[in-house]
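**Student:** Once you've looked at the hints, dock chain A against the given chain W.
These protein sequence lines are chains W and A, in that order. The opening residue of the first sequence carries number 203 in the numbering used here; numbering runs sequentially from there. The opening residue of the second sequence carries number 289 in the numbering used here; numbering runs sequentially from there.
Hints may contain errors.
Distance windows between CB atoms, simulated [as the list claims (entries may be wrong)]: (1) W:1189 <-> A:395: 54 to 62 Å; (2) W:1511 <-> A:337: 42 to 50 Å; (3) W:1511 <-> A:429: 48 to 56 Å; (4) W:1266 <-> A:410: 55 to 63 Å; (5) A:410 <-> W:1379: 36 to 44 Å; (6) W:1345 <-> A:395: 33 to 41 Å; (7) W:1248 <-> A:395: 42 to 50 Å; (8) W:1345 <-> A:337: 33 to 41 Å; (9) W:1318 <-> A:398: 17 to 25 Å; (10) A:398 <-> W:1248: 47 to 55 Å; (11) W:1515 <-> A:398: 29 to 37 Å.
Short, incomplete list of chain A residues facing chain W, as computed with Cβ under 8 Å [claimed, not checked]: (12) 373; (13) 374; (14) 377; (15) 388; (16) 411.
Bear in mind the hints are in silico, worked out from the structure with no lab data behind them. Don't be surprised by glycine CBs; every beta carbon is placed ideally from N, CA and C.
Below are the chains, spelled out letter by letter.
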Amino acid sequence: MKNILRKQKTFNLLLAGTFIALSAGFILSGYFYYVNYRKEYNSNIAHQLSVISDLKVNELVRWRKERMWDAVFFLRNTEFSVLAKKYLADTKDTHDGNRLKIMIGKMFNPEEYDAIFLLDTKFEQKIVVCEGADRTFSYISQRSMDSIKAGVVVFEDFYYNAQSKKIYLKILIPIMDASDNKTVIGTIALRIDPEKYLYPFIQRWPSASKSGETLLIRREGDDVVYLNQLRFNNEIPLNLRIGIKENNNLPAVKAVIVKDGIVEGKDYRGVDVMAEVGVVPDSPWFIVTKMDISEVYSSFNERIWILVVTILLLVMSASAFIGFVAKQNKVKNLQVKLDSEKTLRSTEEYLSITLNSIGDGVISTDAEGRVAHINPVAEKLCGWSLTEAKGKPLLEVFNIVNAETRQIVVNPVTRVLETDGIIGMANHTVLLSKDGNEYQIADSAAPIKDDAGKTHGVVLVFSDITEKYVMEEVLRESEERFRTIIESTGEGIGFVNPQEQFDFANGAAEEIFGVESGQLVGKNLHQFVSDEQFNLVQRESSARAQGDKSVYELEIIQPGGEKRNIIVTAVPKRDIENGFVGTYGVFRDITERKVAEEHLKKSKEKYQGYFEIGSIGICVTSPEKGWVEVNDRLCQMLGYTKEELMALTWVELTHPDDIDSDLELFNQVVSGKRDAYELDKRFVRKDGTTVHTTLSVTCQRNPDGSVHQFLASLLDITERKRTEEALRESEKKYRSFYNNTPVMLHSINSQGVLNSVSEYWLTTLGYERDEVIGKKSSEFLTEASRRYANETVLPEFMKRGFCNNIEYQFVKKNGQIIDTLLTAVSEYDEKGNIVRSIAVTIDITLRKQMEKSLKESEKFLKETQTIAELGTYSMDITTGVWRSSQILDSIFGIDAEYDKSINGWSSIIHPEWQKIMLEYFYQEVIGKKTKFDKEYKIIRKSDQSARWVHGVGELKFDEQQQPVMMVGTIKDITERKHLAEALQESEQKFRTLFENMTEGVALHEMIYDGGKAIDYRIIDVNAAYEKHTGLSQANARGLLASELYKTLTPPYFNEYASVADTGIPYAFETYYPPLDRHFHIGIISPAKGSFATIFEDITDRKRKEKELQEKNAELERFTYTVSHDLKSPLITIKGFSGGLLKDLARGRHDRFDSDLKRIADAANKMHGLLEDLLELSRIGRIINPPSEIALDILAQEVITLLSGPISNGNTTVAIQAGLPLVHADRHRLFEVLQNLIENALKFMEDQPEPRIDIGMREKGDERIFFVRDNGKGIDSRYHETIFGLFNKLDASSKGSGIGLALARRIIEVHGGRIWVESEGYKKGSTFNFTLPSIQHLRKEKLS
Amino acid sequence: MNGDPLTILLVEDNPDHAELVKRNLEEFQVANQISHVEDGEAALDYMKGRGRYSNRSKYPLPDLILLDLRLPRIDGLEVLREIKSDTTMHMIPVVILTTSDGERDVAMAYEYHANSYVTKPVDFDNFAMLLKDLGFYWLAWNKRPW
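This is chain W alone, in the form it adopts within the complex (with noise of 0.2 Å):
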């Protein structure tokens, strides 16, 4: 019992603790959440502001370079340029300006412009192409004037054009002059319209935002200026600006100061808002993207609300889980539900709460005094269970007996139904339990009336009375038993205080010290004993005060004068604040034994009558530690029957933790050193069950001081031990339950007036007990309860006993007003009439207020779902029916009455995208039981527009784990698609024109190291790189320049170095060695640390370039022989015929011959020369077709023809053996190698022994043929210039000078070349010529 009563206590302490770390748990993480969740939001909305601002500036950035790419690609259009040129010398060639304006309209993607211009040098428009909303173009500055001129590329930032009232952009491209590529011809204008595409850009914000803008900025001076239409304000673009230096706090501001980053501060309008500031890179532009500290916050504020909530409702489900249990546990039949959802209780249930909850015993009877019902503590009480108990007669299960008498006490049934009136039970009551425990009870009963005052019942309540009023019993008990022993003792029994007088003697001491009955009290014991007998008493006295007890012999003089020889056993008597007090003195008188045997005899006779008494054990036992005697009690105690005591020590049935202290003690007395002892010891029962004693001791002593016999009384206090503990635990119990337990509860009578509240009931409300009890119940609500109460549930409660749930406003002392839900139960008499009722009322006001929240977070919700425009939906899966919000029937575009199946779905779906969804909702989803994640296409119903959606459900799975709902979000993306499909479209739209470009294109990024280029890395290439480079487009990209090309500095480094620095796109023609090309390369800057090249191979131009030029010269040379050496004759025959017209008329004859053989010789020299040229020209325009000639026989042949010349000047012609076949005209070569053995001949000067050598010799895949001759040779200086027409190295030599003129003429048309080399002065000359070989030929002819 006490055992499980301690158990209980630790239970709820345990209870206790676990609801505090519990709550102290929920609101720990819950402040936790909150700190991280915190952190974690603004890191969010940081990275959200952050990445919009980033995908704007990337778009800017994007859109720049493209603009910048539109201009370059006019910049490099030399076609365009020519045209230009013409038109803007004749601007009324109105053929030209249409071409323009058709090539203008094809180059620019007139989506992206508003309006192009042509405009000629001094800016004045000449051609309007796509015009926008007006024609008119406005003022350029004289700076961007000055970067044109100077050719470089302009693009004006967001300006005013006061006539159209507009806002525009433009970019100005200077029109170079194709032919050298730096003259300014004229001007293209490109002028953009920002509210086509920019500002919508800028404005576009990726989710639903209240206050989500994006502001671009520059600044001005001092100022920031707006440049986009701002969300808020009606400005116009460029008229907002505001000053740096007074507006700190605003993130436009902040953004050109701070230029990157996170700020926070007001805008514009003065609203606190958060907002990511940055540059757009090589722009002059800044960027704001913000949004409201409000509107960030909003989510934020709501989930803490959401947060908060929620900890409060794990707080109030872990009390309501906990004081469940603490209930359970308690009082089992305890069952106070608080979900109002399951809020159905029985009657019995509710009484049964009411009846549990009271710590007294309760028993109803009917009006036959049969047992109609039993509280839990009334079961206890009684050991009877309420079913073991039902219908059984009161007494039988009521045992009461009195105290005292142990008589059965009057059935108070009986009592009630005589007096018809309540009845106090009388006292000394003792409750009889069924399993053998009795308890002192106080007890009251009243009757159970219907309404006409008929009894049908009574109720009996009834408590364990007090530990102090058992303790007291117990007390008096002892006291009289000992009292009545010591009195009716043969022993002389006295108290003799430390004055050894005496306070108290019985009867035997009287007769011992021979005084009459109560004479010995008051007298000292010196009056008795001689003086040095009274020493020896002194001595033993003061021996006593500090020891133990103390046995002698005393020879005292009776009053009579007779003396006796007495035994004293003194046993000091002690309290704790004075010490020694006194002594017990038990004195034998040895003189007359027979005397004492006698007064045994008697005494014997006496305890027998007690011997029945029955609540004391009490027994004579042996020395040996046999029973001699045992009461009834006795036995009963033990267990034993009196037959099977009598064979048993005492010894052997004392517990054996007791043995020890009891032997010691009756070892004392069989020694003498005491008569009597007192202890708690406890005896094993016969059935092992343990009882606790107070085992009281005396002893009876032979004459010779042996102990006769033991005479011992027991008391069985297990009862009480455990009684005082069950009472405290009852009272413990009761108050506790009925004041702590967190529900109002109270009883009223018929007429609705309070009797009893409970603690808790008065705390809610406020009230004191004595302010409450005698008025009416519904006092305490509303008005509007009170009516409620008076008109519709109390009829209804008469009506039916009981009433559930019923929501009442109880109204508080101090005027608060709470919201509760009552039930109630009533007592019926036996006509069915109520006598009072019991109520149970729960405050529920703090679950009305979450309710309250609840509904306001689900408010919230709902309006977040509106706000980020998505949809929701529930899915059951086994039939395919789906619900969805409002949200989701706007994005599908459809109504309350539209089939929400599988095939409604299915045909929303866009048919591209039906297979898919189909197949991907039933095999990946419901197969595989995954979470439904994915972005379709729809075909809105309402418009029938294309849209794109994306969905999100979790599947919810019964007990077998099958999936039952699906339940999700849907959210139309269509936007973004379109964004980033827009984005995409460009993307492609570049590449494929990077892609397909005719020049070479390489996009670089330059590397720097510390702040100085040292290299650049292949970004991309196109095709066309690959074919102009050698190098494949997969293996230059990423490569590092210098790795690429492999060289040290990379080619062109400078240059582009600069360009990437500067950002002034730069052009200029190259001839590149590696690749033997000569190259036009393009360089501009799309972003600072980057350039793309554009290079186009003008090899061939190059090499078309130097021949024309050398056809060129060729032909400057043909007119200047034209003019000099025809003319040179002329002027001798008009020169020397005029001279002889002088001479003439002056009659001068002696210049006559001469003068007339200079103007025929000239006339001669003047035919040759026309021959000559005639001949040279006839070169290029007939020659014979080719034949297979053996050079050395052709050889042979002129020197057959020249073999007069040769043999004059003794000069040796060698031909080498062998020479090859060439492929030639045999005709023209046979004049090439005349011309050339005649000139060696002619140059031979004083050389003795002339020789002329003819051959070939190899040097690579080139056979080079010779004619050496070792004459005077030709001072390098004429190398070059003796193959020029007409050209003599000396006045005086035979000869136009057309020979070598000729022989290089014939060879080149050959396809070969011809030259000379010598070393100098009489160094000999050797000249060479290639054919080439017939392969060659051969080929050239296929091609």
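**Tutor:** The following block gives chain A in isolation, referenced to the frame of chain W:
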């Protein structure tokens, strides 16, 4: 016009033209001495007093050089460049007298500091007139620095 004998150096590869020039100059008696060389090399040798022209009294530095452009061995323009870059003789007026009226020739001649450029007239009278004027202008009218 002081009493010093006036010398003209004629650099002309065409002997007929040389004869014509000499005849006209003599006719008008503009010079005391006319030296004639036939190619550029000879012209430079003469000017620098090299080889067979080392005798300065026989081949004095001329007061005027008439220089044809199309010359064997060393081109007239080269001769001009050498004369004009030699400080001992760069002040001597050089008149280019040639058949060519090519733009390039004219430009190059002046580039090399020719004092005058004259195209030989085909017509005899004009030819005579030109030489007369030329002689008088450079030798009589023109103020020389020495």
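**Student:** Confirm or reject each hint.
**Tutor:** Going down the list of hints, with the structure as the test:
no.: 1; hint: W:1189 <-> A:395: 54 to 62 Å; result: holds (57 Å)
no.: 2; hint: W:1511 <-> A:337: 42 to 50 Å; result: holds (47 Å)
no.: 3; hint: W:1511 <-> A:429: 48 to 56 Å; result: holds (54 Å)
no.: 4; hint: W:1266 <-> A:410: 55 to 63 Å; result: holds (57 Å)
no.: 5; hint: A:410 <-> W:1379: 36 to 44 Å; result: violated (24 Å)
no.: 6; hint: W:1345 <-> A:395: 33 to 41 Å; result: holds (39 Å)
no.: 7; hint: W:1248 <-> A:395: 42 to 50 Å; result: holds (46 Å)
no.: 8; hint: W:1345 <-> A:337: 33 to 41 Å; result: holds (37 Å)
no.: 9; hint: W:1318 <-> A:398: 17 to 25 Å; result: holds (19 Å)
no.: 10; hint: A:398 <-> W:1248: 47 to 55 Å; result: holds (50 Å)
no.: 11; hint: W:1515 <-> A:398: 29 to 37 Å; result: holds (35 Å)
no.: 12; hint: 373; result: violated (17 Å)
no.: 13; hint: 374; result: violated (19 Å)
no.: 14; hint: 377; result: violated (22 Å)
no.: 15; hint: 388; result: holds (5 Å)
no.: 16; hint: 411; result: holds (6 Å)
When the structure is compared with the earlier hints, violations turn up for hints 5, 12, 13, 14 and for no others.
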